[in-house]
Amino acid sequence: MKRFIFKRFLLAIPVIVGVSTLVFLLIHMIPGNPVEVMLGERALPADAERLRNELGLDRPLSIQYLNFLSGLARGNMGVSFFYRKPVLPAILERYPATLELTAASMCLALIIALPLGLLSARRPYSSTDRLSMLFSLFGATMPSFWLGPLLILIFAIHFDWLPVSGRENALSLILPSVTLGLGLSAILSRMIRSGLLEVLDQGYITAARARGAGESKVFLLHALRNALIPLITILGIQFGALLSGAIVTETIFSWPGIGRLLVQAIEARDYPLVQGCVLVIAISYIIVNLAVDILYAVVDPRVRYEK
Amino acid sequence: MKNRTLWAGASIVALCLGMAVFAPVFSPYPPQGQELTRAFSTPGRDHWLGQDRLGRDILSRVLFGARPSLLVGIGTVMFSLFIGLTVGTIAGYSKGLGDELFMRVVDILQAFPGILLSIALTAFMGPSIMNIIIALSVLGWVGYARVARGQALSIGSREYILAARAMGTGEARILFRHVIPNLLAPLIVQASFGMASAILAESSLSFLGLGAQDVPSWGKMISEGTEFLSQAPHLTIFPGMAIMIVVLGFTLLGEGLREAMDPHRQIA
Chain A
0 MKRFIFKRFL LAIPVIVGVS TLVFLLIHMI PGNPVEVMLG ERALPADAER
50 LRNELGLDRP LSIQYLNFLS GLARGNMGVS FFYRKPVLPA ILERYPATLE
100 LTAASMCLAL IIALPLGLLS ARRPYSSTDR LSMLFSLFGA TMPSFWLGPL
150 LILIFAIHFD WLPVSGRENA LSLILPSVTL GLGLSAILSR MIRSGLLEVL
200 DQGYITAARA RGAGESKVFL LHALRNALIP LITILGIQFG ALLSGAIVTE
250 TIFSWPGIGR LLVQAIEARD YPLVQGCVLV IAISYIIVNL AVDILYAVVD
300 PRVRYEK
Chain B
0 MKNRTLWAGA SIVALCLGMA VFAPVFSPYP PQGQELTRAF STPGRDHWLG
50 QDRLGRDILS RVLFGARPSL LVGIGTVMFS LFIGLTVGTI AGYSKGLGDE
100 LFMRVVDILQ AFPGILLSIA LTAFMGPSIM NIIIALSVLG WVGYARVARG
150 QALSIGSREY ILAARAMGTG EARILFRHVI PNLLAPLIVQ ASFGMASAIL
200 AESSLSFLGL GAQDVPSWGK MISEGTEFLS QAPHLTIFPG MAIMIVVLGF
250 TLLGEGLREA MDPHRQIA
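These protein sequence lines are chains A and B, in that order.
Counted the way numbering that gives the first Met the number 0 counts, the first sequence spans residues 0 to 306.
Counted the way numbering that gives the first Met the number 0 counts, the second sequence spans residues 0 to 267.
Only chain A is shown next, with the shape it has when bound in the complex:
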């Protein structure tokens, strides 16, 4: 097991370096001049030159890249143009809020998806199954930036039950997490359904029934446990979708997380901050997927013995 974990860690390093390189290249090679953005079009050439030198933009791209990588290895992502402070602490300050929202959305998605998937698999092609399918279809096609305002309209403006925006108390978390988690619950409920139907076809389920196990026991103890294993991978993949989805959701609800910080950085054309936000989100995604791989190997020993 230790060897497997070590191997997965080693494999994650080139991916992180590759992702960092890609972010650096994309931000430095696309059109747009950060100096012009910071000083305005009418800036004096001498001022522009001084700022270029200060930001290190007058050096060759290869040197800039090496500086970027060595800075990154030391946890230095540069200084924000707009906030005039180091990028990493600015991002880490907002990180807990994004994690809180993402975790709450994932929990909510599971709370909705588990019973729906179970009910659908218990009676496939019944009216319950069709209703659940309809819910999934709408959940997957409804854009979060539309669902969010609708929820605000109903629950915050019309009924005045929940706050419109911000992160003051636990109640503030409800609308953003429903907005972010509903789409995921739609995907998960269909996956739980198809996973369960597949497992219910297996020989050991027939054997359990033949031994006289009750239908509920067969369903919950034998089928659900095994059907949930592949769900771990799906949750890992979907974590990335939630992180990027949080960008829009945080904007709708003025949630003080990385997503909102990224949008603010984009509006201010704050290149180092945009680069930092993109990198932190991408690296979080890689780390979660690494954790998921390891967890999967713990739950399903067959994975460990594959080459």
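Since the hints were made in silico from the structure, they are not lab data.
We put the CB at the ideal spot given by N, CA and C, even for glycine.
Keep in mind that the hints are not guaranteed to be accurate.
[As the list claims (entries may be wrong)] Covered by chain A, according to a simulated footprint, are these stretches of chain B (three or more residues, beta-carbon under 8 Å):
(1) 6–18
(2) 40–51
(3) 203–215
(4) 243–250
Chain A is already provided as a structure; the job is to place chain B on it using the hints.
Structure of chain B alone, referenced to chain A:
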């Protein structure tokens, strides 16, 4: 009419395409035409979906708003499909070092979650339809390439390919005559789902203020509407419904095509 999902999806898609192409014919008013005295008026006989903060007709703007969404969808899918098909087929068919390199690049690109890179790219390249297509295609091709690679790997070892090679057919001819036509079916299904995700992505970018600036777009309409949510909810509701209908259409079309192209389901 056996495959109802396919028909429902195809009908919705055809309707939306028709709406986008013939928007100037169907629109009762010019999409930019202002009537400031009637700002925020609710749906009625003259303006079926009401008017926005500048008194512009929402129905006309929703009809014209289909254009950038569908244009981005079609552009992104065609661009991504072309790159994905080329790279994936070559990697899967040639195997060896090329395939290994392809898989490493895919690992890196798949480490970027969804729309994140597109947001960063569009932000720096500037908001325009072409830039959105490029930004969405930078990662969009990966999914098609993975499917094409998998198919090419499997088709490459089939007997009819070995037979063609034994008969002295050149590799390029085998690729174009035997491999590519046989791997297109799953890619077409994926393209339909790809349209739905590209339209959602374009609307998200527009919502964030990164969409095309000079034309009406659904995402931007929702974003503008949220400022007046309590006094004029119709500004937000109708463009959102339009997005949902078109995304639903492409999703159903994808499901229907998958069903139609899956021999197991056909037998069942």
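Consistency of the hints with the structure:
1. Closer than 8 Å: that is the beta-carbon criterion, and the region 6–18 of chain B has 0 residues meeting it against chain A, so the requirement of 3 is violated.
2. Taking a C-beta to C-beta cut-off of 8 Å, the region 40–51 of chain B contributes 0 residues in contact with chain A, too few for the three needed, and the coverage statement is violated.
3. Counting residues of the region 203–215 of chain B whose beta carbon lies closer than 8 Å to any beta carbon of chain A gives 5, which meets the minimum of three for the stated coverage.
4. Note: the region 243–250 of chain B has 4 residues with beta-carbon separation from chain A under 8 Å; the three-residue rule is met and the coverage holds.
Checked against the numbered hints given earlier, this structure breaks hints 1, 2; the rest are met.
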